[in-house]
Amino acid sequence: MTSPVVLRTLRFGTPLGLLAFWWFWSNGSESLYFPPLSDVLDRFVEVWTGPAFRNDLVPSVVRFVVGFALALIIAIPLGTAFGLSSRLRRDALPLTEFSRSLPVAAIVPIPLLAFGPGFGMDVSLILFSAIFPILLATTDGVRGVDPQAVETARVYGLNMRQVLREVILPAAMPPIFAGIRVALAIGISAMVIAGMLSSSQGIGAYVILAQQSFDVLGTWAGLVMIGLLGIVINGTFLLIQSRVLAWHTGWRRAAKEGS
Amino acid sequence: MSTTTNKSGETVMGNVDDSDFHPIDQHPAARERVVEVSGLSVVYGAGSDAVHTLKDLTFSVDRGELLCIVGPSGCGKTTLLKSVCGLLVPTSGSVTVAGHAVDGPPPEVALVFQDYTRSLMPWKTVLDNVIFPLRAKRMSRAESRSVGLQALDQVGLGGFESKYPWQLSGGMQQRVAIARGVAYQPEVLLMDEPFASVDAQTRAELEDLVLELRRNLGMTVIFVTHDIDESVYMGDRVIVLSSRPTTVKENLEVGLPVPRDQVFTKQEPEFVRLRTDIASSIRSQH
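Residue numbers (the working numbering), protein chains in the order written: chain G, 1 to 259; chain V, 1001 to 1286.
If we strip away everything but chain V, and leave its shape as in the complex, we get (with noise of 0.2 Å):
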């Protein structure tokens, strides 16, 4: 694919007319942003042996909208999350989440890991997995529990309160992970890769459920993925990432009426179209 073919998809996406784009119902004319990313870099190492993972990466998420992230394997996604929540501390730049400039971990963003089994804590049980956040944040025995019951009831895992993580599937693991993060009430959900480990049924099954759980609880979600369809399919926004020194290179907007359908959904002209043109974008950095 060259550039030509990239450029054009570009130019399409402009002329998106807005009145057939329904990102969320529940949040009409409201455009508020609740994450901001600005000018963000991250070099590891320095002089000569510097690395630049990230360079000069801006964008920024509405309150509501569920934004994905796709790039390259290597490209800095996971920096790019870290970042975002607080777990490191950026080069240059800044990230602000609901107004405040992320110095540390932000009390409104919760994060779901890739790979579960290091994630879920083995010596807890689910429901302990689920609400351990909420108990050192001093809320009380009684309310934590019937918190993080109905979490886990809302990812389809009740009744499992009492099992250990180990005790379960793949998929039901990363239903744990996700109730945690339900639980936490948080504004933003970030997901880093989620559904890279599972097998395609069960993650066929987690996409839907998420994006249930996200039209239920009005979240919003940053999904990084490596998997084109899956950041079509779930995004009502999608950004493609360059390979390292990783920016943004393209914002598309994704005009797919919701609910999704994992069938349906796939067939609509729209979603060819603009798989294709996130694959050449990605192909052409090679």
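Pulled out of the complex, with its shape left as it was, chain G reads as follows (with noise of 0.2 Å):
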């Protein structure tokens, strides 16, 4: 078994370690591609106390926080009516399996004729990638509701509206969250990818664009840009999932220790 204090240690030492190990080796590098990290951190600030956050960082987040917010508005309603009913789920497979199969690349060139590069086709591009996960879980999760405690809220009185609020969205809530986790870093991904591949605004245009003026310290500062921002993201999913979820964990603990 290995103790809390050395798994906390490596949590939190591993990638302190790595940072490390990236300031000492690229200290007094001369190569063009790979600069002193010291430099890039010079330019990171620089560039995103500039103009380039109210152009390009804003306009990014923005877009994912509408499209993954309607991308929570459509899958988990639909997902739960696909859980309920296996007509619904049979008949809408098809559809469902070809779309999700479909690379987030591959769909670019409709939103761009339908909305033309901007907000209107990062949007779509993001709700796109983020919609699936989240549908499946929500299917599966709801599909997955132990029907004792639905019958149980049923001998109670409970209506059919009752039942899905008090019982199975509760019920489906951990599968639920699994997806939005997964939909999470598709999603980032696509915000990333509608940026490079024609936007002209956003954070992944910044950091093509840097790329092809060959302002290596400004491609790298977008990139480091790319991941803070992933970890913000997926921070704050974990601290609301910590609070929806606070049951969740305390009765896999007791379910594991009971048996």
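Simulated from the structure, these hints should not be mistaken for lab results. Careful: at least some of the hints might be erroneous.
Pairs of lysine-lysine residues, derived as BS3-like cross-links and limited to a Cα-Cα distance of at most 27 Å, are as follows [said to hold, decoys possible]: (1) V:LYS1137 x V:LYS1163; (2) V:LYS1124 x V:LYS1163; (3) V:LYS1266 x V:LYS1249; (4) G:LYS256 x V:LYS1124; (5) V:LYS1249 x G:LYS256.
Make one complex out of these two single chains by using the hints.
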């Protein structure tokens, strides 16, 4: 058994160690493509306190939030309906299977034609890429709810809407959160790709523009920001999850100890 | 055991004098039928694959009575309970609860399942598990809370209301499920092998708890079990079901004095005689 102290040291020590390694290894580097980390960080501060903050970072974040929120608003009710009705599930299966097999990059031309580069296109790409993991997770989660929990609620006089709110959705929350986590990762890449492929605005566009103008430090500064954005989004998600699913953690621990 | 013993047992039952028999003191003369099951049949599937689970089942339960239903495993006891609480539509026959034909979960009925881990919601606290049915009926937060706390007190779980079910032992979790049934204030409480998954000591405590609750609240209880001793110990009357296709095989009044006692009741000749009758009746169908 590995002690918690060792685990915690590894958890926080590993990224810090890697950063330190990068710092010392690149220190005094003469390479054009791998500039010293200190220079990258200087440039990072300079870029993201400058106009790029308003022109690239803010639009990217806004589009991500809007696209992802739309994905949640559509996928959770739709997935619930799929989970409840085997007929609906069967009828929609060919369409969902086809759509979720399409890589984000492959469908770029369609929103590009429909909306032109910019807000509408970025939002629809993020929406399209994030919707399927949430849809499938919700479908499976709702299907997997213990029928006896539903029967209990029905005997105690709950109508279908109340059963949905009191039993089915809370019971399906753990798988739904797992789906959201997958969707977040895919949604972030969609956000970057959308910018890189077409947009004149956004964090992806900033990185591509810097790369095309041989601004290596700028490219690195953009990449660091994308990584940081990922950490912040994931951290926010974990915070919400630990609140909403607090019971689940305790319940799983109790089940493990009991067996 | 042969059928003859069984038949003589029935004859003796028929001769039981009403004067030795005290079903429930609160309800002397008035014999109001609160549950009536008549000609109930349930068939799963159709044609040559059809499985006849229940076949022409008829019985009734008086108000305030504790009726135990006992039968061999797989005899459709759960199917019967599901028909009474409106979760299952019978193939033919009818169930009436408090004068209304059952065509969905009747508001007068509450159910305690065998498996508390599946019928208690792990995301709800103990109190919320007890009162969510009341909240769904639009009872105010304050009122449902006080009803819920009182029910938890009655099952001996005062002070545990803000715990989660999975923080409690198995016996305590089943007490939460019983409290939910009590808080719902049903006319009929159905219990589906409620103590089959707890240890013997806890089981005895829970049996006495249900008897005490029934005495204090005057509820009608239908108690399904596969345990013969439990059925005689708990019941005012015991119905023995046959194996599939299930029919009512025996209908025995239990003339044991109340309150029952885990040690002394089980030494009474009447207790021994009844359990022997029931055991031979169940065994004779194999």
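Q: Identify every previously stated hint that the structure contradicts and give their numbers, smallest first.
A: 5
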